[in-house]
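Chemist: In case you want the letters, here they are:
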Amino acid sequence: MKKIHLITTFAFLIFIFTTLYLSLNNRKIYNTKDIIGQKIDTVELTLFDNSKTFNTKEISNYKFTLFNFWASWCAPCRKEHKNLIKLSKNKNLKIIGVNFKDNKTQAKEFLQEMGDPFFILISDPKGKQSVNFGIYGIPETILVNEDLTILKKYIGPLDLKDVKEIKKIIKQ
Amino acid sequence: MKKIFIVLILIFISTKLVAAANTKDEILKNLRCLVCQGQTISDSNSDFANIIRSVVDDKIQEGLTEKEIYKFLSEKYGDWILFNPPLKNYSYILWFLPYVLFVLGGAILYLMIKKTLIEKK
Chain G
1 MKKIHLITTF
11 AFLIFIFTTL
21 YLSLNNRKIY
31 NTKDIIGQKI
41 DTVELTLFDN
51 SKTFNTKEIS
61 NYKFTLFNFW
71 ASWCAPCRKE
81 HKNLIKLSKN
91 KNLKIIGVNF
101 KDNKTQAKEF
111 LQEMGDPFFI
121 LISDPKGKQS
131 VNFGIYGIPE
141 TILVNEDLTI
151 LKKYIGPLDL
161 KDVKEIKKII
171 KQ
Chain S
173 MKKIFIVLIL
183 IFISTKLVAA
193 ANTKDEILKN
203 LRCLVCQGQT
213 ISDSNSDFAN
223 IIRSVVDDKI
233 QEGLTEKEIY
243 KFLSEKYGDW
253 ILFNPPLKNY
263 SYILWFLPYV
273 LFVLGGAILY
283 LMIKKTLIEK
293 K
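For the record, the sequence lines run as chains G and S. Take 1 as the starting number for the first sequence in this note's numbering and just add one per residue. Take 173 as the starting number for the second sequence in this note's numbering and just add one per residue.
Bear in mind the hints are in silico, worked out from the structure with no lab data behind them. Check before you lean on any hint, since a few could be wrong.
Okay, derived cross-link-like pairs now, DSS-like style, lysine-lysine, Cα gap no bigger than 25 Å in a straight line [to be verified]:
1) 128/G - 286/S
2) 196/S - 101/G
3) 286/S - 3/G
4) 63/G - 168/G
5) 239/S - 52/G
6) 39/G - 239/S
7) 286/S - 2/G
8) 167/G - 91/G
9) 126/G - 196/S
10) 128/G - 201/S
Ranges of calculated distance between the beta carbons of each label pair, as one might list FRET restraints [unchecked claim]:
11) 289/S - 8/G: 16 to 24 Å
12) 22/G - 276/S: 19 to 27 Å
13) 233/S - 57/G: 23 to 31 Å
14) 273/S - 128/G: 44 to 52 Å
15) 211/S - 155/G: 18 to 26 Å
16) 176/S - 36/G: 56 to 64 Å
17) 276/S - 155/G: 41 to 49 Å
18) 4/G - 211/S: 46 to 54 Å
19) 155/G - 180/S: 46 to 54 Å
20) 33/G - 270/S: 22 to 30 Å
21) 175/S - 38/G: 53 to 61 Å
22) 33/G - 289/S: 53 to 61 Å
23) 278/S - 152/G: 45 to 53 Å
All C-beta atoms, glycine included, are put in the ideal place defined by N, C-alpha and C.
Using the sequences and the accompanying hints, generate a full structural model.
Modeler: Right under this line is the structure:
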């Protein structure tokens with residue numbers, strides 16, 4: 001009987017310590033693991049010049065598509081822009097820019113000054129379209145394949161490590 | 173007769189409006205602001221909260237139910253956006269383990285008391 005008590009007490013203590021350890025390591029911040037592997041919604045997006053709409057279904061025509069959510073007022077977007085320019089030179093990749101809650105004149109000036117890496121430019125003046133992509137701040141970037149499946153999501157400015165990773169994925 | 177009819181229509185419309193406002197309020201209180209510290213979308217004035225409020229408004233207008241709106245948002249942002257996430261396989265242990273432990277503890281206590289009483293006799 002004493003042995004059973006000892007084992008029970010020991011098991012209970014292990015249980016408590018494991019629970020506490022796991023709880024302490026549980027980072028209660030939003031991460032992107034839920035969205036990776038999901039297909040993006042079929043939605044109609046308005047082009048920046050308001051001339052036409054773009055249906056996300058059209059992405060299936062391209063091997064890889066990179067959605068970049070940016071604005072001229074966003075300092076980290078300025079920082080990552082050179083990396084987008086580098087990526088835009090890749091034949092396997094089409095970059096779709098989503099201009100998020102921005103002033104159009106300033107957005108145009110931004111692209112004139114920094115260069116335009118976007119194959120298609122979308123306008124999201126109220127930020128509501130970006131919710132379809134699980135965006136909660138900018139810059140954010142999503143890599144999608146021809147099946148419309150999300151392969152990667154980058155929160156914050158793209159750095160050289162991210163560029164390397166994207167290049168590696170699109171080479172496959 | 174005409175006056176009664178108008179009053180009834182007004183009551184019907186106001187009831188509908190109040191119900192819609194209550195539904196929206198209920199939804200916003202159950203959504204977490206991802207860029208804030210423990211605030212609901214309803215409490216927050218952040219840019220993200222304003223966008224989500226506006227999207228919830230649109231979804232209600234489109235005729236989506238409360239559950240469908242939660243499903244839409246949790247597909248985009250994960251269950252973390254919900255203050256009251258749905259019960260999933262991995263969360264069963266979390267919810268039912270305390271009850272299992274309670275019953276187990278009770279059984280152990282019962283056996284121990286029973287044994288002591290038998291020994292005393």
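Chemist: Taking the Cβ atom of residue 273/S and the Cβ atom of residue 128/G, is their distance within the range 44 to 52 Å?
Modeler: 46 Å, holds
Chemist: Holds or violated: the 18 to 26 Å window for the beta-carbon distance between residue 211/S and residue 155/G?
Modeler: Check passed, 20 Å falls within 18 to 26 Å.
Chemist: Taking only the CA atoms, is the gap from residue 128/G to residue 286/S under or equal to 25 Å?
Modeler: 65 Å, violated
Chemist: Run the distance test for residue 167/G versus residue 91/G: straight-line Cα separation, threshold 25 Å.
Modeler: 11 Å, holds
Chemist: Is the gap between the beta carbons of residue 155/G and residue 180/S within 46 to 54 Å?
Modeler: 53 Å, holds
Chemist: Given a hint of 56 to 64 Å, does the C-beta separation of residue 176/S and residue 36/G actually sit inside it?
Modeler: 59 Å, holds
Chemist: Per the hint of 19 to 27 Å, is the separation of the Cβ atoms of residue 22/G and residue 276/S within bounds?
Modeler: Holds - the Cβ-Cβ distance for residue 22/G and residue 276/S, about 21 Å, lies within 19 to 27 Å.
Chemist: Could you tell me whether the CB distance from residue 276/S to residue 155/G stays inside 41 to 49 Å?
Modeler: Cβ of residue 276/S to Cβ of residue 155/G: about 43 Å, so the range 41 to 49 Å holds.
Chemist: For a C-alpha distance cap of 25 Å, please report whether residue 126/G and residue 196/S respect it.
Modeler: 20 Å, holds
Chemist: Evaluate the given range 16 to 24 Å for the C-beta pair formed by residue 289/S and residue 8/G.
Modeler: 20 Å, holds
Chemist: When you check the alpha-carbon spacing of residue 63/G and residue 168/G, does it fall within 25 Å?
Modeler: Holds, at roughly 14 Å.
Chemist: Looking only at beta-carbon atoms, does the pair residue 175/S, residue 38/G fall within the given range of 53 to 61 Å?
Modeler: The hint (53 to 61 Å, Cβ to Cβ) holds, given that residue 175/S and residue 38/G are roughly 55 Å apart.
Checked against the numbered hints above, the structure violates hints 1 and 5; every other hint is satisfied.
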